[in-house]
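Construct the entire structure; sequences and hints are all you get.
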Amino acid sequence: MSENRVVYLDHAATSGTKAPGVAQAVREYLDGLAVNVNRSTYARSSDVAMRVLRCRELLAARMRFPHPATHVVFTPGQTAGLNMVLKGLLHTGGRVLVSSMEHNAVMRPLRQLERLCGVTVDRVACAPDGTLRAEDILPFLHADTRLAVFTHASNVCGTLLPVERIGALLHERGVPFVLDAAQTAGHVPIDFEALHLAALAVPGHKGLLGPAGVGALLLEPAFAARLEPLICGGTGSASDSEEQPPYMPDRFESGTLNLPGILGLLAAMEFLTDGRIAALEQEERRLTARLLDGLRQNKRVRLAGLPAEAGRVGVVSVDCLTADNAEVAFRLEAEHGVCTRCGLHCAPGAHRTLGTFPQGTIRFSIGYGTTESDIDAAVAALESAVSAG
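Here the sequence shown stands for residues 5 to 393, numbered as in our numbering.
Hints listed in this document are in silico derivations from the structure and should not be mistaken for laboratory results. Possibly wrong hints are sitting among the right ones.
[What the hints assert, rightly or not] Each pair of labels, with its calculated beta carbon distance range:
no., residue 1, residue 2, range
1, E339, G178, 53 to 63 Å
2, G25, P72, 50 to 60 Å
3, P72, H175, 16 to 26 Å
4, E197, D148, 20 to 30 Å
[Stated by the list, open to error] In silico EDC-like cross-links for lysine to aspartate or glutamate, where the CA-CA straight-line distance does not exceed 20 Å:
no., residue 1, residue 2
5, K91, E232
6, K303, D380
7, K303, D328
The structure displayed is predicted, hence computed values, not measured ones. Ideal Cβ positions, reconstructed from N, Cα and C, are used throughout, including at glycine.
Here is the structure:
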């Protein structure tokens with residue numbers, strides 16, 4: 005491998021290559037369009053406001069969201085969006101159902117609500133490969149279950165949960181379904197209506213190929229009306245009142261929005277057509293198969309999760325059997341230029357499920373811009389790095 009080559013395989017943390025036009029859109033705002041929206045009527049402010057609306061509309065279209073674009077709420081990111089839902093509904097208590105694969109963006113707010121508000125957290129166990137039989141959620145649904153929150157795909161091993169069937173079961177029983185699409189938005193098609201969702205949280209900077217610091221929360225109208233805002237303040241609307249406006253999206257968007265981030269995300273959404281998302285899904289599946297084939301040849305590591313590319317996204321973890329994971333990950337970057345993430349990935353429950361707690365794993369994650377040569381270089385680098393241990 006060339007001494008200066010960088011192989012970026014940490015797309016599960018953030019996309020290493022942004023969509024064409026993202027940087028230009030952010031720069032255009034900062035250099036010449038730096039105005040606020042919803043507070044003024046001059047032309048430049050109105051221009052930016054229309055772009056913000058266009059971003060909401062494209063997010064709604066890509067996620068098959070059948071409700072008004074006003075119910076696409078911009079957030080500072082995935083964690084903030086999930087907190088908005090969890091704390092907005094469960095501040096008065098109740099039960100919530102999650103899986104054993106959830107990220108701390110879900111579990112830490114729930115543990116806080118458990119401690120402060122008496123929330124009961126029911127947790128359905130996934131299999132050691134991260135899979136879940138949808139019907140296994142049924143014994144955990146109670147008369148006072150107010151919410152179910154599931155990750156779409158594990159951020160540790162990439163296993164997809166059967167969210168279509170889970171959504172149908174929850175819908176039949178009247179339990180609102182919140183989907184954490186941190187590892188799937190932009191990687192696989194998502195259909196809000198077909199999944200019977202009450203809320204969908206997406207980050208802008210991962211599979212959607214936008215900048216950091218912006219995400220979105222897509223809310224079914226009746227469910228949105230049940231949520232208390234997490235943050236209240238100025239919205240540029242109903243300024244004669246000291247009460248938070250009841251209408252959308254103002255109800256959940258207090259203060260100045262991350263406008264350069266939103267305009268960058270708009271550029272990304274214009275790039276990510278439905279056809280391009282489908283094409284990227286196929287390419288990532290092909291590269292994941294190649295990565296898994298290569299890793300299976302390495303007898304010094306154990307694969308976590310499913311052994312083949314079916315039923316998963318391009319997030320692959322290994323546990324080193326003969327060397328320390330952290331030392332191997334360090335060698336991968338220092339000696340071979342391969343960027344991965346080592347540790348527990350903010351998902352200790354997932355690692356307990358997979359049998360990789362407390363040592364964690366080395367995670368390779370594929371995304372926009374990953375090539376066959378990147379995969380082959382990573383496989384060879386791991387063989388070298390783990391052998392040196």
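Against the structure, the hints:
1. Distance hint check for E339 and G178: the Cβ-Cβ separation is about 55 Å, which falls inside the suggested range of 53 to 63 Å.
2. For G25 paired with P72, a C-beta distance near 27 Å fails the hint of 50 to 60 Å.
3. A hinted range of 16 to 26 Å holds for the C-beta pair P72 and H175, which are about 21 Å apart.
4. Taking 20 to 30 Å as the suggested C-beta distance range, the pair E197 and D148 conforms, at roughly 27 Å.
5. Proposed proximity of K91 and E232 is supported: the alpha carbons are some 8 Å apart, at most 20 Å.
6. A C-alpha spacing of about 17 Å is found between K303 and D380, which places the hinted pair at or below 20 Å, so the restraint holds.
7. This hinted pair checks out: K303 and D328 have alpha carbons roughly 15 Å apart, not beyond 20 Å.
Of the hints listed earlier, the one the structure fails to meet is number 2.
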